[in-house]
Structures are given as C-alpha cells and as structure tokens.
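**Q** The residues making up each chain are set out below.
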Amino acid sequence: MSTTAIAIENLQSTAKPWTETLHDWVTTVDHKRLGILYILYGLFYLLIAGCEALIIRIQLTHAHNNFVSPQVFNRMFTMHGTTMIFFVVMPILFGFANYLVPLMIGARDMAFPRLNAFSFWLTALGGLLLYFSFLGGNGLYGAGNAPDVGWWAYAPLGAKAFSPGHSTDYWTIALLVSGFGSVGTAINIIATVLCMRCPGMHLGRMPLLPWLNFVMAGMVLLAITPLTAAQLMLLVDRYQGGHFFDTQAGGSATLWMHFFWIFGHPEVYVLVIPAFAFMSEIIPVFSRKPIFGYPVMVGATVAIGFVSMSVWAHHMFTVGMNSYANSFFAITTMCVGIPTGIKIFNWIGTMWGGRIQFKTPMLFSIGFLGQFLVAGLTGIIQSAAPVDWQLSLSYFVVAHFHYVIVGGIVFAIFAAFYYWYPKVTGRMLSETLGKWHFWLFVIGFHMTFDIMHIPGILGMPRRIYTYEPRPGWEALNLIVTIGAFIQAAAILVFVYNLVISYWKGAKAGNDPWDAWTLEWSVTSPPPAYNFARVPVVASRRPLWDQKHPEDPDSIYE
Amino acid sequence: MASLILAESAIFTIFVVAYLFYVGKSLTGPTPGQVLETPVFYTICLLSSSLTMHVAGNFLKRGKEGAFLTLWLLTLLLGGLFLFGTGQEWHRLIYEKGLTISTNLFGTTYYSLVGLHAFHVTAGLLMLLIVLIFGFAGRVHRDQSGRIEVLSMYWHFVDAVWVVVFTVVYILGR
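Residue numbers (my numbering), protein chains in the order written: chain V, 1 to 557; chain U, 1 to 174.
Okay, chain U solo, but in the shape it has when bound (with noise of 0.2 Å):
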C-alpha cells in the first residue's frame, strides 16, 4: 500500500503542478476569487473521517466488533458527505457561475484535480462499503486487523491528498 501511495502522490503530484502552473493564467472566464467558496464544514468531515477510522481499527485490535463498525459506518458517512458537498459546490459551480472544465484553464485544473481526488474518496468509499458488509455479516475480527490498517493507510493518504489540494486551491489559488 505504501507503493502505492507513493505512486498516487506522483500522479496527483502532477495535477497539482499543473494547476499551480497555470494559476492566475486563464485568459477568460471566472476567476477563483470570484466563484470559491472555501468548503470548511466538507473538510472537517473528512478529516474527522481519519479520525473516526482510526479509532474503529483501535477497537478492532481490542476485539470490540460492535464499536469498530459503529465508527466504521461513521467513517462512511462522513466521507458521503463530503463526496455529496463537492457535488453541491460543482452545481453551484456550473449552474449559478457557469464554470466548466471547458470554460478556461482554471476550470480545467480545478475539476480535474478536486474530480481526480474525488474519485480517490468514491473509490475508498466503495472498499469501506464492503468492509461494512462483511463486518455486518459477522466476518470481520481481530485477525483482520492487519488489512483494516491497509485500507486506513489508504483512507489517510486520501484525506492527506485533500490537506494538499484544499491548500492549493483555496488558499494558494486565489
């Protein structure tokens, strides 16, 4: 997993070098201090996601089934509910300022990092969604502690890449 990551960090590495590189270059269009609207609350959500995940692989390690999928489906919920506000702020986005990925080069970069990242969280999601059901099923113990923690690297390297992204966009961007 930890390859893994370092390969991510790599690609998304790119994408964010593209974006910086062509921060304040568009020659039409809205500009990020005019259509931004920093995502605080999303963001707590899905670091407090980390958080949440962290201490369900705790309880699995003690044995606590019950609480790990307790926290677990917290995990789940709060990372949907970050993916459900980057859906609300894109329709703003497309709809009320008329910002799409073909509209200037800001909208190119943007979509596509925050879509690239995005689509890292459905993805982690999508694997949490299946530890849920296996956990539900009674399938999940302490002996599957050791891929829990696998799937949480992955989950922080996610909310890590956000850190990242939500600096360079929201704050270094504009």
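Chain V extracted, bound-state conformation (with noise of 0.2 Å):
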C-alpha cells in the first residue's frame, strides 16, 4: 500500500505569473490552503492585537500616567479582547483543524469544500470589517472610532442612548458574520469526520486530535448561536426600538449578561479543546510511548463540552443573583475541572516511563501542562462564589484567563507550530532559534501573569485605564509591562524563525519526528490531492504499524 505521492518524469514546466498563484490562493477550496490562509491570517492579527496589548501596559506603567487617552485605552482594551478570542485563535485553531482533520483520517478533503472557503472569506473579512470601525465607527466622542464597550459589551452600555455612533455595531456585525463562518466549519468538521474516515477507521480508532475537533464544533454550534441571537436583539433594540435589554421598558440588562456568557463560557472551551488536541498528538510522540488512557480522553473531552455549558453564571456571582444560583453555578464549575484534571494526569501518564526528546513542541508542551494546571487552579479558587466576590472585576480575573489562554492556549499553538510545520512547508524550524523563543517567552510570561495575580488580590479593578500611586501597585505594573515586552521580543523570534526557515530551515522529509498518525505518511508538503491510494489502517497508530510490521498495534488494540 502505497500513500505517497505518485512521480511523474521529466515534466517540464514554467513558472507561474504571480497574479495567477494569487487567483488560486483567493479562491482555493483546499483545505490545505484554506488551513495555512487562517492561520497567516491570525498570525497577522496576533501582531496588531498585541500590540494593543502593549499599548495598554504601557499606560499602565505607572499611576496617573496619560500615554493613551481613557477613551483610545477602552477602545485598546475592547479590540485586544475581541481581536484575540475571534480572530487571532479561532482563526488559528480552525486552521490547523482544517489542515490536519482530513489527513490524519485518510480523507483528501474536507466534507464541504466550497463551506470551508466560503466560512474562511466570512471570518477574514469579519475581521476587517472590525478594524475598519478605526476609520468609520463613530464613537461615544464624535471622530470615527473602534469598539469601546468591552468585548462583551454589556447593556445598557451597548445600548443607542449610551454607545452613539457606530462603532458597537461594527463589534456587533464584524462578529455575527465571523460566527456564520465559525459555524459553517464547524458544521464541515463534523460532516468530514463522521462521514470521511478511511476504511478501517472506526471512531475508536481515529486519532485524539479528530476527535477533539469534532467535540469543539459540536460546541461551537451550541455556543456560538447564543452569541448571534443576543446580537440579533441588540440590532433589534440600537436600530428598530426594540427593548430586549432595556430597564427602562421593564427588560434587563443581566438577560445580556446571561446570553453572552452562555456563548462566552462554552466559547472559552471551543478554544481549550483543539489545544488539548495538539497536545494529545504532540506528548505521545515526544515520550515516544502512545496516549494513556485514549478512551477516557475522549469520555473526558466530551463530559467537559456538556458540562461547560452549564458553567456561565460563574462570570455574573456578583450581580445579584438568588444563593441557589449561585451555589448551583459554583459546583458546576467545579465539577468541570474534574474531566479536566483527568485529561492532565493521562498526560503526564503517557510521560511517565517515556524517553523524553527535549526537542521544541516538547518543550511548549511541558510549558503548557504546568501552566495549564496553575491556571486551572485559580479558576477554581474563584469558582467560590463568596471568593469571586472579592476577585471579580479585579486583576486577579485577568491573570487567571490570561494564563489559560497565554500559558496554556498560547503555548499548545506554538507547540503545533513547530510540530506540523515541517509538513506544511517540508524545512524544519530552527532549534537554536525556537529555543531562544521558548526561553523568552516563558520568562516573559511567569513575569507578567504570575506577577499580575498580585495586584488583583491587592485590590487593583480591571477596565481602568489609571490609578491611584497605592503602595505596591506600581512596582508589579511595572514588571508586568516588562514581561509583555520580553513576550513581544520573544514573538518577533518566533516570527523571524517562521520566515527564515521557509527558506533556510532543513529539509524535513516525510517523518521528521518519526510520529504515528496519516499525515506523516504523505510527503512533505503533501501533494494537493493528499493520498495516492486511500489508507487502510488497523490501528490508533497506521504509521507504527507501517514502521514496525513485526509488532503492530493491530494486535494489542
């Protein structure tokens, strides 16, 4: 059984007009192409969000400082959010599930090819539309203006009669169209891996990293349309006279509160889950040793996707609901760093006893694990309500889903980086220079976001755009700041070593890492078609199989 791409000889060919390579990457269906179109495409954002991030340590370097005005610091902290959630991560993690999903099934596309490109267009230009809100928003103080609400954009505040103008509805519309396309791939994923597999591919056999993508759009499906319903109503209340969220009229403004975070919770998860996936896939390799315990990793994944979904209220302890909703919301939000902490110990599980091979996806990846676990940690802390009440609204929350998301999240992306770029380009990153970026940014961030807890518990509110010189509070805001910058130099490396190497790094071949799963088993980048002949496997681990015929998997499974 051959999987490799077919030779043909003495072809001879001229070089293409680079107006026609941008024609076929502008209306590619591949997945393939549609998967790096993505990921370049929160690459870019990554930048432009961070540096707003920048812009807000900066002026919060010191009290009473006046680098930015209060309105650009709200409208800096409202597009860092928003820019970050939807089109920096979920661009990324939807392309990298769009790139491997079908190679690591055996399938040569996606279920809907045409959905796929046509869900990415929806998103790119969701995110344009959202930047566009700089030139032609109209904020609260009259020149055109970016989003200033929060990326929540609690009522009243997004309400006509408190965010004049335009710029709310830019954050509004930019994100219900983006959401049409994060459901429309989802929808594909779910299509493909329910209907694609290769012969011999039961769902028990399918790799961890399909199965979690596939749990990730059934969330998204749930998760995401809460979020277009609730915009829907704003539309309807800032444009027709509607009052969905309007006191005045007898409606509430916590009815916002609980349709956004029932997307906002859920939301939080769709950007976890894919991130579990790279590690499922990543640690084993790097252990050399196989996932411990694969079925409860799926049982795990699919019990937190059901039991995120009834979490969200955790955000809202503070806004006066009744004792049992809260004691409810407290206990299922800690019921779901259960299957959490499971999924935790199965990989250091499936560390233990391995030869570890400190190579650079390892390294983000053991980053990541301890990071994660910290992070997890003070979500359950706060997960007290009577805690929360204390924490809410402080630096405290910040540090906490800043370390999920930057020192888990974050982490686990740079990890597939350097794990699957060998495949999609066939040079492999450079070392040196990816050790350099995990060094930097590991200082980088145990310097801000571990420092960060303090002037939360300290007292320091969030949103503000200064404070009052208070004792202690300086000096953390400024390590803080500090720490940003190096994370800053650390994601320059990380750039530079993305862009040197596609020309520079050494050639990669069709197995660097000597790994176990399909895509592996197809050149380097893989041809368009992905698979000569479809794959037959066995077992979890087709490509050990195919390495070790005297002892295959198919045997023990």
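FYI, nobody ran anything at the bench for these hints, they're computed from the structure.
Everything numeric in this text was worked out from a predicted model, so none of it was measured.
Glycine is no exception: its CB is placed at the ideal position from the N, C-alpha and C atoms.
Each hint should be verified, as a subset may be incorrect.
To give an idea of the chain U side of the interface with chain V (calculated C-beta under 7 Å), a few residues [claimed, not checked]: (1) Ile5; (2) Leu6; (3) Ile14; (4) Lys25; (5) Ser102.
Just the calculated beta-carbon pair ranges, DEER-fashion [claimed, not checked]: (6) Pro525/V x Lys25/U: 41 to 49 Å; (7) Val319/V x Met1/U: 33 to 41 Å; (8) Lys61/U x Val534/V: 28 to 36 Å.
Far from chain U, some chain V residues (derived; all Cβ distances over 10 Å) [unchecked claim]: (9) Thr14; (10) Leu40; (11) Ser252; (12) Ala253; (13) Gly293; (14) Met362; (15) Leu369; (16) His446; (17) Ala475; (18) Leu476; (19) Trp503; (20) Gly509; (21) Ser539.
Make the complex out of the two chains shown on their own, each in a separate frame, by following the hints.
**A** Here's what the structure looks like:
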C-alpha cells in the first residue's frame, strides 16, 4: 500500500505569473490552503492585538500615566480582547483543524470544500470590518472610532443611548458575520469526521486531534449561536427601538449577561479543546509512548463539552443572583475541573516511563502542562462564589484567563507550529531559534502573569485606564509591563524563525519526528490530493504498524 | 443539515427564552391576551406543507417526477399562504392594535421571535422555488432525492419551530 505521491518523470514547467498564484490562493477550496490562510490571518492579527496589549501595558506602567487617553484605552482593551479571541486564536485553531483533520483520517478534503472557503472568507472579512471601525465608526466622542465597550459589550452600555454612533455596531456585525463562518466550519468538521474516515478507521481508532476537534465543532454549534441571537437582539434594540435589554421598559440588562456568557463560557472551551488536541498528539510522540488512556481522554473531553455548557453564570456571581443560582454555578464550575484534571493526569501518564525528547514542541508542551494546571487552579479558586465576590473585576481574573489562554492555549499553539511546520512547508524550524523563543516567552509570560495575580489580590480593578499610586501597585505593574515586552521580543523571534526557515530550514522529509498518524505518511508538503491511494488502517497508530510490521498495534487493540 | 438544525435550534431557543422571560413584564401597551388571534388556519397550512413535501419526496424516490412537481408546488403555495397570513396578522397588529416592535417588551419579543421564524420560512421558500424551477426545467430526477431529502429536513425543522413558537406565543404566553 503506497500512500505517497506518484512521481511523473521528465516534466517541464515554466513559472506561473504571480497573479495566477494569487488567484489560485484566493479561490482555493483545498483544505490545506484554507488552513494556511486561516493561520496566516491569525498570525497577522496576533501582531496587531499584541500591539494593543503593549499600549495597555505602557499606559498602566505607573500611576496617573497619560500615554493614551481614557477613550483610547477603552478601545484598546475592547479591540485586544475581541481580536485575540475571534480573529487570532479561533482562526489559528480552525486553520490547524482544517489542515490536519482530513489528513489524519485519510480523506482527500473536508466534506464541504466550498463551504470551507466561504467560512474562511466570512471570518476574514469580519475581521476587516471590525478594524475598519477605526476609520469608519463613530464613537461616543465624535471622531471615527473603534468599539470601546469591552469585548462583552454589557447592556446597557451597548444601547444606542450610551453608545451613539456606530462603533458598537461594527463590533456586533463583525462578530455576527464571523460567527456564521465559525458555524460553517463546525458543520464541515462534523460532517468530515462522521462521514469521510478511511476504511478501517472506526471512531475508536481515530486520532485524538480529529476527535477533539469534533467535540469542539459540536460546541461551536451550540455556543456561537446564542451570541448570534443576542447580537440580533442588540441590533433590534439599537435600530428598531426594541426593548430586549432596556430596563426603562421593563427589560433586563442581566439578560444580556446571561446570553453573552452562555456563549462566552463554552467559547473558551472551544478555544482550549483544540489545544488539548495538539497536546494529545505531540506529547506521546516526544515521550515515545502512545497516549495514556485514549478512551478516557475522549470521554473526558465529551464530559467537558457538556458540563461547560452549564457553568456560564460564574461570570455573574457579583450581579445579584439568588444563592441557589450562585451555588449551582459554583458546583458545576468545580465539576468541570474534574474531567480536565483527568486529562492532565493522562498526559503525565503518557510521559511517565517514556523516553522524553526535549525538542521545541515538547518544551512548549511541558510549559503547557504546568501552566494550564495553575490556570485551572486559579479558576477553581474563583469558582467559590464568596471568593469571587472579592476577586471579581480585579486583575486576578485578568491574570487567570491570560494564564489559561496564553500559558495554556498559546503555548499549545506554539508547540503545534513547531511540530507541523515541517509537514506544511517541507522545512524544519530552527531548533536554536525555537529554544530562544521558548525561554524568552516563558520568562516574559511568568514575569507578566504570575505577578499580575498580586495586584488583583491587592484590589486593583480591571478596565481602568489609570490608578492612584497605592503601595506596591506601581512596582508590580512595571514588572508586568516589562514581561509583556519580553514576550513581544519572543514573538518577534518566532516570526523571524517562521520566515527564515521557509527558505533556509533543513529539509524535513515525510516524517521528521518519527510519528504515528497518517499525515506523516505523505510528503512534506502533501500533494494536493493528499493520498494517492486511500489508506486502510488497522489500529490507532497506522504508521507504527507500517514501520514495525513485526509488532503492530493492531494485535493489541 | 442536522448540524445546521442544531445550531439554528440554539438561536431559536434563546429567542424563546427571552420571550418567556418577558411574558407579563411589559410596563405599558397591549398585552397578548388583548391583541393576539390564534392563527389556526395558517398553522394548518404550514404543517400540511410538511406532509405534502414528504409525499413529494417519496414520489421522487419512485421516479414519479410529475407527481413530485405537483406536490412540491403545493408545498410552496401552502408555505407562501402561511407567510401571507403572518403578514396579514402583522398588518392588523400594527395598524389596528398599535403593536410594533418598539411598543413594549411584548412587541419586541413577539416580532423578533415570529419574525425570525418567518425569515426562515422565506429562506426555505426561496430554496423550494429554486428546486421548482429546476424541476420544471426537467433536471430533478431520482438521483437528486438525497438533496431533496436534505432540504426536507430543513423544511420540517421550520415547521417544528413553528409548533414551538405557536405554543409559546399563542398558548402559554396568554
């Protein structure tokens, strides 16, 4: 069985004009190209949202700073949050899912290639619309400007009376449009995973990455749509005189919070589950051991998917719900930590007794493990409603969620870049630069986000553009800012690595990491049709079976 | 299509939740009991359209393209009749009873929920029309049954949503 490309001898070709290449990329429906487009798009917005974060940090370096005005500061944290979640992390994760899911299940493309392209372009244009607000929006203070209502646009701040002009509308419509794109991608992933697996690959033999992306896609269907509904309601309120969130007509501003967080909480699990998927593929390969407890990993992820739909009001402990509601959400929030903890134990169990290779993907994975654990624990700290009453709206919350997203998800994304870049481009990323990237980022990350917990505990509120010179706050904020700049330097090293290795990196070959899933059976980069002959698999590690015919996994499974 | 239905169900659920949450909470203006008239006839139209579509699909699977087209056209007409009925109801509510989307909470939630449903009916009718045109051009055969079935799933979903909306608005909400 050959799954590699078929070579054709003596082929002569002339270089294509660049316009034709551009046209091919813009009109592509190939999942691999769309994956790359998603990832490049996300990386571009990472740099922009990163600059917004640096502006925030410079403004907060010392008390009574006036690097930016309060109005600009509000726009910065709104755009930083909105961009990072919807136009950086989601595109990068969807990009990897698009690229890898068909390859890993032995398919030639996703189930609906044109829907795939449509979804990408919806997301892309949604992001452009959001950033056009800097030019076209009419903020509260007159001149054209970006949304400044936070990424959650709480009612009644989002209402026409309190946000005249169009900046909030740019936020609403950009996310509405890209939400449709996300739902399209989710439908695609579900259909692909359910219908296009190669012969022999029943669901119990599918690698964990397609499995976890499948769970993520199911959550997207149920999580993004409440946001769509809430945004439609907001548009009705703003433009048709509706009263959904209008307290003066008997409406409820809290209802917006409920709807938003019914979206918002499962959304962060939508972000983290693909990160878990990367870890579940990378940690086994660099521990030279199959994943510990495959069925439990799947079960735990499905459990996380379900339980996470029931915890949303832990973002609302301070809003004044009754104690039954507060207790319910506190309990469900603590419960969602259980399957997550099981997964962490399984990753450790995978590494235990393995032969660990400390290559760059593994370094980031180990960083993920420790940091995600701490992040989860600070989450559990806040799951107790009384503790949350003290910590809510403080920098402790900011530190917690950045610890999860940056310390967890972004580290997993970096690991995925170093692991799959050879497959996508045919070149290895520089290990030296990778280690520089890793250590600079770890130092910067911990300097920023470990320290950030302390001002939170000391009472520094969120969403403030400046503060009084209280004891300790200035020094701590300064350290946090310095850490942010170190992280920025690390990102520059990373981008430099990505660019320089494309031309100067070592040639990768099909399988530089000696891995076990189907994407490593084809050339790097894969041919447009992925597999010359559709593979037939007999176990969870088809390449192990291929490389070790005397000791295949299939006799054990 | 099942995934899309799941996603759309979530959207409708949120609008239904908003409707139910705000039942009885309007501070001013007409209440449901004062202005709503149960649209029995038009509901029967819409629900029958599901039946006619189902039968149409069966005819197509057996290769009876003429019968398929007839029943498909009937489905479209019944759906169109439902939309017309909704429009009539809205005209009465706006011009005779003074209930608009901005009047009060009831107005906002009623028009949003029923309007969202009507929008989905319209989108469905558009797709039905496209199939009808292709059918009259002689291009819908037994081979296309699978696609017709997928479209039927959407139409049955729209009907099911109407059952829920009808129950919530015209039965529970009053």
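**Q** Against this structure, judge whether each hint is valid.
**A** Each hint, compared with the structure:
| no. | hint | in the structure |
| --- | --- | --- |
| 1 | Ile5 | violated (9 Å) |
| 2 | Leu6 | holds (5 Å) |
| 3 | Ile14 | holds (4 Å) |
| 4 | Lys25 | holds (5 Å) |
| 5 | Ser102 | holds (3 Å) |
| 6 | Pro525/V x Lys25/U: 41 to 49 Å | violated (59 Å) |
| 7 | Val319/V x Met1/U: 33 to 41 Å | holds (38 Å) |
| 8 | Lys61/U x Val534/V: 28 to 36 Å | holds (30 Å) |
| 9 | Thr14 | holds (41 Å) |
| 10 | Leu40 | holds (27 Å) |
| 11 | Ser252 | violated (7 Å) |
| 12 | Ala253 | holds (13 Å) |
| 13 | Gly293 | holds (29 Å) |
| 14 | Met362 | holds (35 Å) |
| 15 | Leu369 | holds (33 Å) |
| 16 | His446 | holds (39 Å) |
| 17 | Ala475 | holds (46 Å) |
| 18 | Leu476 | holds (41 Å) |
| 19 | Trp503 | holds (41 Å) |
| 20 | Gly509 | holds (38 Å) |
| 21 | Ser539 | holds (29 Å) |
Checked against the numbered hints above, the structure violates hints 1, 6, 11; every other hint is satisfied.
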